[in-house]
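Participant: Listed here are the chains, written in short residue letters.
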Amino acid sequence: MKYLSLLYLLICAACQFGATSRAYAHGFAGARFFPATLSTDDPFVSDELSLPTVSTIRTPENGGTRETDISVDISKRITPEFAIGIGDTFTALNPHEGPAVNGFGNLELSGKYQLLKNGVHEAIVSIGLGVEVGGTGGRSVGADSFSTWTPGIFFGKGFGDLPTELAFLKPFALTGQIGIAIPTSASTRSVTVDAQTGERETEIEWHPDVIEWGFALEYSVIYLQSQVKDIGLRAPFDRLIPLVEFAFESPVNRGAQGQTTGTINPGIIWAGKYFQLGVEAVVPINERTGNNVGVIAQLHFFIDDLFPHSLGRPLFGGNK
Amino acid sequence: MKRIILVFILVVLADSARLEAHAFLKDAEPSVGSTVQTSPNEVRIRFTENIEPALSSIQILDASGKEVDKRDVHLDRSDHALLHVSLPRLGAGTYKVVWHVVSVDTHVTSGSFTFTVSR
Numbered sequence: 001m002k003y004l005s006l007l008y009l010l011i012c013a014a015c016q017f018g019a020t021s022r023a024y025a026h027g028f029a030g031a032r033f034f035p036a037t038l039s040t041d042d043p044f045v046s047d048e049l050s051l052p053t054v055s056t057i058r059t060p061e062n063g064g065t066r067e068t069d070i071s072v073d074i075s076k077r078i079t080p081e082f083a084i085g086i087g088d089t090f091t092a093l094n095p096h097e098g099p100a101v102n103g104f105g106n107l108e109l110s111g112k113y114q115l116l117k118n119g120v121h122e123a124i125v126s127i128g129l130g131v132e133v134g135g136t137g138g139r140s141v142g143a144d145s146f147s148t149w150t151p152g153i154f155f156g157k158g159f160g161d162l163p164t165e166l167a168f169l170k171p172f173a174l175t176g177q178i179g180i181a182i183p184t185s186a187s188t189r190s191v192t193v194d195a196q197t198g199e200r201e202t203e204i205e206w207h208p209d210v211i212e213w214g215f216a217l218e219y220s221v222i223y224l225q226s227q228v229k230d231i232g233l234r235a236p237f238d239r240l241i242p243l244v245e246f247a248f249e250s251p252v253n254r255g256a257q258g259q260t261t262g263t264i265n266p267g268i269i270w271a272g273k274y275f276q277l278g279v280e281a282v283v284p285i286n287e288r289t290g291n292n293v294g295v296i297a298q299l300h301f302f303i304d305d306l307f308p309h310s311l312g313r314p315l316f317g318g319n320k
Numbered sequence: 321m322k323r324i325i326l327v328f329i330l331v332v333l334a335d336s337a338r339l340e341a342h343a344f345l346k347d348a349e350p351s352v353g354s355t356v357q358t359s360p361n362e363v364r365i366r367f368t369e370n371i372e373p374a375l376s377s378i379q380i381l382d383a384s385g386k387e388v389d390k391r392d393v394h395l396d397r398s399d400h401a402l403l404h405v406s407l408p409r410l411g412a413g414t415y416k417v418v419w420h421v422v423s424v425d426t427h428v429t430s431g432s433f434t435f436t437v438s439r
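Those protein sequence lines, which keep their order, are chains Z and G. Position 305 (the first sequence) corresponds to 305 in my numbering; numbering is contiguous. Position 99 (the second sequence) corresponds to 419 in my numbering; numbering is contiguous.
Just so you know, the hints here were simulated from the structure itself, not pulled from any lab data. No experiment lies behind these values; they were computed from the predicted model shown. Where a beta carbon is used, it is the ideal one built from N, C-alpha and C, also for glycine.
Per the computed footprint, the stretches of chain G lying under chain Z, defined by three or more beta-carbons under 8 Å from a beta-carbon of chain Z, are:
hint, segment
1, 344-356
2, 419-428
Computed cross-link-like contacts, EDC-like style, restricted to lysine to aspartate or glutamate with a CA-CA straight-line distance of at most 16 Å:
hint, chain 1, residue 1, chain 2, residue 2
3, G, Lys346, Z, Asp238
4, Z, Lys76, Z, Glu108
5, G, Lys416, G, Asp382
6, G, Lys346, G, Asp399
7, G, Lys346, Z, Asp230
8, Z, Lys229, Z, Glu165
9, G, Lys416, G, Asp389
10, G, Lys416, G, Glu362
11, G, Lys416, Z, Asp230
12, G, Lys416, G, Glu349
13, G, Lys390, G, Glu362
14, G, Lys416, Z, Asp161
15, Z, Lys229, G, Asp347
16, G, Lys346, G, Asp396
17, G, Lys416, G, Glu387
18, Z, Lys273, Z, Asp238
19, Z, Lys229, G, Glu349
Go ahead and model the full structure; you've got the sequences and the hints to work with.
Facilitator: Given below as structure tokens:
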């Protein structure tokens with residue numbers, strides 16, 4: 001125990017020592033600040049905490065089920081370009097008929113490496129790997145007994161390098177991701193016994209590989225007023241970033257090809273010094289996804305700004 | 321374990337007691353994207369955080385990219401989030417202001433904007 005205390009103090013000392021170097025950190029590429037998006041993953045690595053993200057929507061399952069999710073995600077930079085993350089979701093399901101159930105989903109782990117950051121062109125590219133750890137969540141809320149691995153690529157691009165004639169388009173930015181979710185089990189076999197006849201019935205549920213893709217188109221009032229034209233907006237309106245997110249899932253095999261589901265989420269983010277608030281409508285793209293509009297909201301903390309000399313710094317390699 | 325938690329809390333509290341953040345441009349004079357009638361004597365940029373002047377810069381460039389300011393960037397005496405740079409008399413034209421600042425907690429931000437002198 002004494003050595004653990006010593007180790008922790010050494011890590012803190014290393015962080016403090018590293019504080020003499022300069023820090024860029026969360027979501028910046030040149031003059032562009034990319035906010036953390038709610039429905040698609042960020043293209044940058046950072047020290048950040050989403051607590052909580054709350055969403056609610058009525059899904060088509062069991063004649064209509066109100067699904068409410070409350071999740072937490074934390075990301076920590078190990079080096080300036082590499083971060084790891086952990087998250088979990090508490091789900092409450094209220095079906096139109098039948099009893100309500102709730103519980104935690106599977107634990108989600110992630111690693112992300114920032115391959116490219118170009119300040120002049122306001123561009124960021126990262127690669128990452130997410131793992132949903134099977135068997136760590138409640139079966140009653142649909143947590144899988146098997147793990148799913150999701151390698152992916154993430155990008156962000158600001159439009160600040162557009163010509164002067166298109167100055168009012170410069171505050172636009174696009175971020176996005178594409179990955180493939182690969183379950184470690186192709187199918188789940190379940191056997192039921194008819195209580196009256198005693199016959200055994202075997203059901204097979206297939207788990208296809210799924211391409212997860214999405215993007216966010218955002219317009220930064222922060223960028224507009226500091227880079228293009230001060231139109232006189234003051235707090236709190238000068239920190240707004242209206243956006244539309246598009247989040248889709250497209251199965252590619254095991255009989256589910258072409259059955260894309262997804263949502264289009266228009267909303268707004270307010271980005272402050274130490275945290276941001278975001279809220280979006282969740283609009284299903286087809287009947288397979290659902291027929292009702294939901295909502296998602298998030299409180300997101302910038303750990304690197306809250307604790308710039310300790311928790312908010314990479315563990316190794318200083319800052320840049 | 322209690323000692324670890326106690327040390328952790330103390331470090332975090334000590335760190336959060338000196339909160340600073342990324343420095344965004346708050347306002348500028350001449351203002352971002354504005355047109356002024358006559359040459360301003362200086363450019364002033366106020367940021368959302370206090371600035372480390374030794375690691376910060378402002379450059380004023382003319383249409384050909386030549387630096388035209390007097391290279392005397394300095395922090396305001398009473399407002400440590402406000403940087404000044406002096407200008408000679410500027411002719412009519414559009415000028416680009418390029419800034420690069422380090423806030424006192426070492427976070428780096430940068431940006432640019434233009435203003436136009438009409439005569």
